[in-house]
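Q: Build the full structure now, drawing on both the sequences and the hints.
Each chain is listed here by its residues.
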Amino acid sequence: RLETRARRGDRSRRNSIAMSIMSYNGAAIIAMVGKNCVAIASDLRFGINQQQTTAVDMRKIHKIHDHLYVGLSGLATDQTTLSQKFKFRHNLYELRENRKMKPETFAHVVSNILYEKRFGPYYAEPVVAGLDPETGEPFITGMDLIGAMAPTTNFVVCGNNEESLFGVCESMYKENLEPEELFEVIAQCLLAGVNRDCLSGWGGVVHVISKDKLITRTLKGRMD
Amino acid sequence: MARRYDSHTTTFSPEGRLYQVEYAIEAISHAGAAVGLRTNEGVVLAAEKKILSKLLETSVASEKMCKLDDHVAVAVAGINSDANLLINSARLFAQRYAAGYSEPVPIEQLVHHLCDQKQGYTQFGGLRPFGVSFLFAGWDKSSGFQLYQSDPSGNYAGWTATAIGANNQAAQAILKSEYAPSMSLNAARKLALKVLKQTMDSTILMPEKVEMCEVARAHEVPSEKHIRFRMASDKELEELCGLANSATLPTS
Numbered sequence: 001r002l003e004t005r006a007r008r009g010d011r012s013r014r015n016s017i018a019m020s021i022m023s024y025n026g027a028a029i030i031a032m033v034g035k036n037c038v039a040i041a042s043d044l045r046f047g048i049n050q051q052q053t054t055a056v057d058m059r060k061i062h063k064i065h066d067h068l069y070v071g072l073s074g075l076a077t078d079q080t081t082l083s084q085k086f087k088f089r090h091n092l093y094e095l096r097e098n099r100k101m102k103p104e105t106f107a108h109v110v111s112n113i114l115y116e117k118r119f120g121p122y123y124a125e126p127v128v129a130g131l132d133p134e135t136g137e138p139f140i141t142g143m144d145l146i147g148a149m150a151p152t153t154n155f156v157v158c159g160n161n162e163e164s165l166f167g168v169c170e171s172m173y174k175e176n177l178e179p180e181e182l183f184e185v186i187a188q189c190l191l192a193g194v195n196r197d198c199l200s201g202w203g204g205v206v207h208v209i210s211k212d213k214l215i216t217r218t219l220k221g222r223m224d
Numbered sequence: 001m002a003r004r005y006d007s008h009t010t011t012f013s014p015e016g017r018l019y020q021v022e023y024a025i026e027a028i029s030h031a032g033a034a035v036g037l038r039t040n041e042g043v044v045l046a047a048e049k050k051i052l053s054k055l056l057e058t059s060v061a062s063e064k065m066c067k068l069d070d071h072v073a074v075a076v077a078g079i080n081s082d083a084n085l086l087i088n089s090a091r092l093f094a095q096r097y098a099a100g101y102s103e104p105v106p107i108e109q110l111v112h113h114l115c116d117q118k119q120g121y122t123q124f125g126g127l128r129p130f131g132v133s134f135l136f137a138g139w140d141k142s143s144g145f146q147l148y149q150s151d152p153s154g155n156y157a158g159w160t161a162t163a164i165g166a167n168n169q170a171a172q173a174i175l176k177s178e179y180a181p182s183m184s185l186n187a188a189r190k191l192a193l194k195v196l197k198q199t200m201d202s203t204i205l206m207p208e209k210v211e212m213c214e215v216a217r218a219h220e221v222p223s224e225k226h227i228r229f230r231m232a233s234d235k236e237l238e239e240l241c242g243l244a245n246s247a248t249l250p251t252s
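Protein chains in written order, with the working numbering: chain F, 1 to 224; chain Z, 1 to 252.
Just so you know, the hints here were simulated from the structure itself, not pulled from any lab data.
Just so you know, these numbers come straight off a predicted model, no measurement behind them.
Please note: incorrect hints may appear among the correct ones.
Unchecked claim - Selected chain F positions facing chain Z (Cβ under 7 Å, derived; list incomplete):
(1) 84
(2) 91
(3) 92
(4) 95
(5) 198
Every residue gets a Cβ at the ideal spot worked out from N, C-alpha and C, and that includes glycine.
A: Shown next, in the form of structure tokens:
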């Protein structure tokens, strides 16, 4: 994976930690597959230059259509720009083809958009979660910042503290969970996973997407 | 006499006319009629379908109406392939605006952009003008519900009610006497079909011969997010055609 390290030049801040651009703002995102449903959850923190928490209502999951959501971690400005680009592409697709995009198709579009900037990338790592608009089959995938997809049938995570998120998901995840159970599992995983990371947390949002129902809930977590 | 000055689109005639543009407008007067009405609750577009055949595969795509974005739609009169090009350009423009400003494109800007394109083909390049007139129906936050008409010359104007295509003068005359700005959306739908019936050749209005769409508030909630484009369903058309066929226009 690509990571750039930039050392702050000015002398007064000589002793600050090396800055990784992917941890400038902070994020934690999980997506999980359940029985005919998918869930995607993210934290709500928005920080600047790592130490400062500036907002606690920053949504990192964006709706593409009723059964397709994309979560973006990494640099916040790239998150915003990318979500606008995704909306742009999907809107035109829907107008021309008269149907909504399948999650796999959308994931490939995302991958393409990221790879276009292979040698000067967007510093954002997306997670795509959705249901096939016709069959209702769940689909999730994670990607690195230059668009390498990693589709799975269980869960994907991304953010600053991926190791913790992987850990909690590995232990708590079960196959074929119903929407409400899936909500519980993903919510607990998110809250537990962000507790060990100072750059993510401050509450969370969970979306559970099933064929005819959408559950969106905000989580109250430790506000630190 | 006109012959000498009509082959190059970009040349004026001695009388100061652009013949190619006029010929394009003439082409549209043979196309299926389209009528638009604006109300406080939404904008209605209704159109006559010219291409009718049992062999035609009716897909989701419509012959006369097209959605440009969630809050704006067009009715087409003229050469459909010309229209497709312009519609594509309009859709791209609308999305680029939305991506740049995080706001839906204001209707007039969209119309203006399209008309600038049409105008270009009357001044540069030596290509023929687009043989299309549009009726734009849309809503934006600053100006509310709007209806615009554009023609091949690139001119456009905002209207409360108007018609394009075959027999549009007759349609406009009826609209002048029957349209009221305070109409409800339902009344506007009925009037639109009534007007179409008068301008079409047949004595009764068949639901298969017409298309209707609207850009209106969903659930009558006054909020930006609830503006949506909707094509009239077959059932709705049947109902409204029935009403139009039984109604009689006042003699005055």
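Q: Would you mind marking each hint as holding or not holding in the structure?
A: Hint check results:
Among the interface hints, the one on residue 84(F) holds; its C-beta lies about 5 Å from the nearest C-beta in chain Z, closer than the 7 Å criterion. At its closest, the beta carbon of residue 91(F) sits 5 Å from a beta carbon of chain Z; the interface hint therefore holds under the 7 Å criterion. Because the smallest distance between the Cβ of residue 92(F) and any Cβ of chain Z comes to about 6 Å, under 7 Å, the interface hint for this residue holds. Taking 7 Å as the C-beta contact cut-off toward chain Z, the hint placing residue 95(F) at the interface holds, the least distance being around 5 Å.
Given hint, residue 198(F) at the interface with chain Z, is violated; its Cβ is 30 Å from that chain's nearest Cβ, farther than 7 Å.
Comparing the model with each earlier hint shows a violation of hint 5 alone; every other hint is respected.
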